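Chemist: Dock chains A, P and U against chain Y, hints included.
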Amino acid sequence: MTDIKEKIARKVAGFFKPGDVVNLGIGIPTMVGNYIEDGVWLHTENGLVGYGPAPEPGAESEYLTGAGAQFLTAYPGAAAFDSATSFAIVRGGHLTATVLGALEVDEKGNLANWSRPGVIVGMGGAMDLVNGAKDVIIAMEHTARGGKHKILESCSLPLTGVGVVTKIVTELCVIQVTGEGLVLQELSEGVTLDEVLEKTGARLIVSETLR
Amino acid sequence: MTDIKEKIARKVAGFFKPGDVVNLGIGIPTMVGNYIEDGVWLHTENGLVGYGPAPEPGAESEYLTGAGAQFLTAYPGAAAFDSATSFAIVRGGHLTATVLGALEVDEKGNLANWSRPGVIVGMGGAMDLVNGAKDVIIAMEHTARGGKHKILESCSLPLTGVGVVTKIVTELCVIQVTGEGLVLQELSEGVTLDEVLEKTGARLIVSETLR
Amino acid sequence: MNKLVSKSEIMKLFHDNMTLMCGGFANRGNPGKLIDMVVESGAQNLSIISNDAGDPDLTIGRLIRSRQAKKLIASHVGMNPELGQAVLEGRMELELSPQGTLAERIRCGGTGMGGVLIKTGLGTVIEEGKQKIEVNGQSYLLELPLTAEIALVKAHKADALGNLVYKGTQRNFNPLVAMAGKTVIVEAEEIVPIGALDMDEIHTPGVFVSLVWNGEEE
Amino acid sequence: MNKLVSKSEIMKLFHDNMTLMCGGFANRGNPGKLIDMVVESGAQNLSIISNDAGDPDLTIGRLIRSRQAKKLIASHVGMNPELGQAVLEGRMELELSPQGTLAERIRCGGTGMGGVLIKTGLGTVIEEGKQKIEVNGQSYLLELPLTAEIALVKAHKADALGNLVYKGTQRNFNPLVAMAGKTVIVEAEEIVPIGALDMDEIHTPGVFVSLVWNGEEE
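Chains as they are written, first to last, in this note's numbering: chain Y, 460 to 670; chain A, 460 to 670; chain P, 3 to 220; chain U, 3 to 220.
Treat each hint with caution, since some may be false.
Stated by the list, open to error - Cross-link-like lysine to any residue pairs, in silico, SDA-like; alpha carbons within 25 angstroms at most:
#1 A:K466 / A:S615
#2 A:K476 / A:N493
#3 U:K72 / A:V580
#4 Y:K567 / P:Q140
Hints are computed from structural coordinates only; laboratory data are not their basis. What you are looking at is a predicted structure, and each value in this text was computed from that prediction instead of being measured.
The shape of chain Y in the complex, shown without the other chains (with noise of 0.2 angstroms):
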């Protein structure tokens, strides 16, 4: 299980090179700091860009923490400012890229993955990363627990952005959302085409390279 969430992580962390402006979102994404390549920026919207991994215990700061209240560390040139600062970094088109987790993913690109039903948790910043950062990636196990899909032809929960994601990593497979809709470009080693169509509760288009 942590086997798969490292991999897609890993998988990932690969897109990205030095001089990347990226902010990673809970759970998987957050995992994908662990592989990045020395040089690529980490934002964390609470107000950092330049943040490293977790302190050694016992050098924990309270001003130096993610948007989870979890303590960090921060490079040489790291760079403190306010949340409208932080926020101007990503409307503004300053990230080259967010990953986030997702509850469903559909075939226009359509994210929903901040509400479910009878849950109050608000959105965060997640509406304003989908929207600014040039590149938003979602990193997540392919489907839910007992199968369910959640690469679907239509969201059917609340959605956190319209048309706004660009590519899917899953343990099975990376797909790129396009104007002509779901992309697979790329299976795991080990996984069939079958096992993907499956899973997959939209269209997918095969790749020519895969074909």
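Modeler: Just chains A, P and U now, with coordinates in the frame of chain Y:
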């Protein structure tokens, strides 16, 4: 002549008490700064609260200048900020007063002080100041060259702001702008009511204390 | 101009039916002792503007647990199931605003503007009840300013003029909230002499700040 | 990630018909050497966004004298009679924006918003051609964002990541302009090593900045 200007500036300076935050325009308004009490804080729109008088020769710093590029000094506790913050102070209602010159002021408190025919200057921060400051005090000579009226029934030049002026201070008198019109509140020593009426192109309501 | 006050002077300012705005983010950088004072004041029927609802036993979570809060405007409340429960039971009203939009709405209030046009939330529930405005062929939501009778701010350093410096990620919403309250009250970790802060390191100029408290009982 | 460049690399970026945005205020805090480079480039038909027109022989005044500028968006041009003359003769177009509005329009462009509602200029010529929007019974002007292909910024200190610190009143429009250019070029008085700037003293985070120049010929 300098006497007249100094007199106006002294009069205006007397309206302010420690803790007030005031922005001074060019001309006579600038001279107000020479007579304010300690603890009245001066705001300059290019990004500083807490400036003091001009520095001694040789002590000028290009990092401490006013809106007219003139050299300033700073009191302990002065704060520098960017232009958006500078006008957040103005528009957000944190200025006790602004003191400005005028080409024309009228019965409704309309002000024209940025544009005259055939000269292209621009409003700078004047429009923001008159809309944001709690008190908008016009400090000027009562009439223009040749005795031409500046206090009018209705401004003829392009406006800086509508119904924004709260007080007019000239070498002759102090006029308060009210919902009923211009109220003559105070005559300078040796000045007669008739002289003020003659030199004013607007209806004046004479305050009870003067009758 | 000396804005330093004692706890008792601040305590007088809290009353029923007021709107409070509060800095902090996920239990970090919150003016925790000022929130304690609001709890102690017993003021009822409060409307609160804050990024989040905190944990139930921390920061503004305490005002929800004490049932003093009747309304919350926030972006995220997932750390506080008691808030969710109160909303589901109809005891509290919740208005959700995307985080970046919330930040700009508070700044908008503080800067005396009438609103901002933002794309965030287009095509989602965030559209509900909002005016859509077209600019150069693009749609935006008109997002309205937020202000409060009292803003509660946590700062790292403050002087008696109200000049503030924040530290690291404790900054978050604090400088925004510090612009948008009619009365802005600061809980400072350290009071420094006037002149000790360089004019370039000041994050919030004192002109925005009403009162500064050193966080000590009296 | 190293954003330090030489003059020749910057020179390549200027071309005819581009929009330039420029920090500085009344000949102070201007990126003067970068403006010299624009003059040297000979790029024609430029649109310029700047608080003012400078003096005729200083800062962007030089681009007006050289007749490279065809349009200026500014709040004040009184120090530059040559600009006034060019406008009266129809050689240049001038769009005046109140100073606080100009600052917010630049910030608005930099923060990816679609506009801001501002009262300043109501009842004046500033209303012309603008949409009026009512919010809670009050009228506001819809002011539109400004962005530019290149933003020219003057900073006191910069590191190779583009983190910037300004000094005193040289700050003015620079941090706003530094957010609103597609390419943001910084003329720094001093280049400091990465890590030399404290995370709390940085005024402009490097993420906004494209290129940093130390102001030396090569």
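Chemist: For the pair we were handed, K476 of chain A and N493 of chain A, check the Cα-Cα distance against 25 angstroms.
Modeler: 14 angstroms, holds
Chemist: Could you grab the alpha-carbon distance between K466 of chain A and S615 of chain A and see if it respects the 25 angstroms cut-off?
Modeler: Not satisfied, since the Cα-Cα distance of roughly 28 angstroms exceeds 25 angstroms.
Chemist: K567 of chain Y and Q140 of chain P: Cα distance at most 25 angstroms?
Modeler: Roughly 19 angstroms separates the two Cα atoms, so the pair holds.
Chemist: For the pair we were handed, K72 of chain U and V580 of chain A, check the Cα-Cα distance against 25 angstroms.
Modeler: Measuring from Cα to Cα gives roughly 18 angstroms; hence the hint holds.
The structure fails hint 1 only (numbered hints given earlier).
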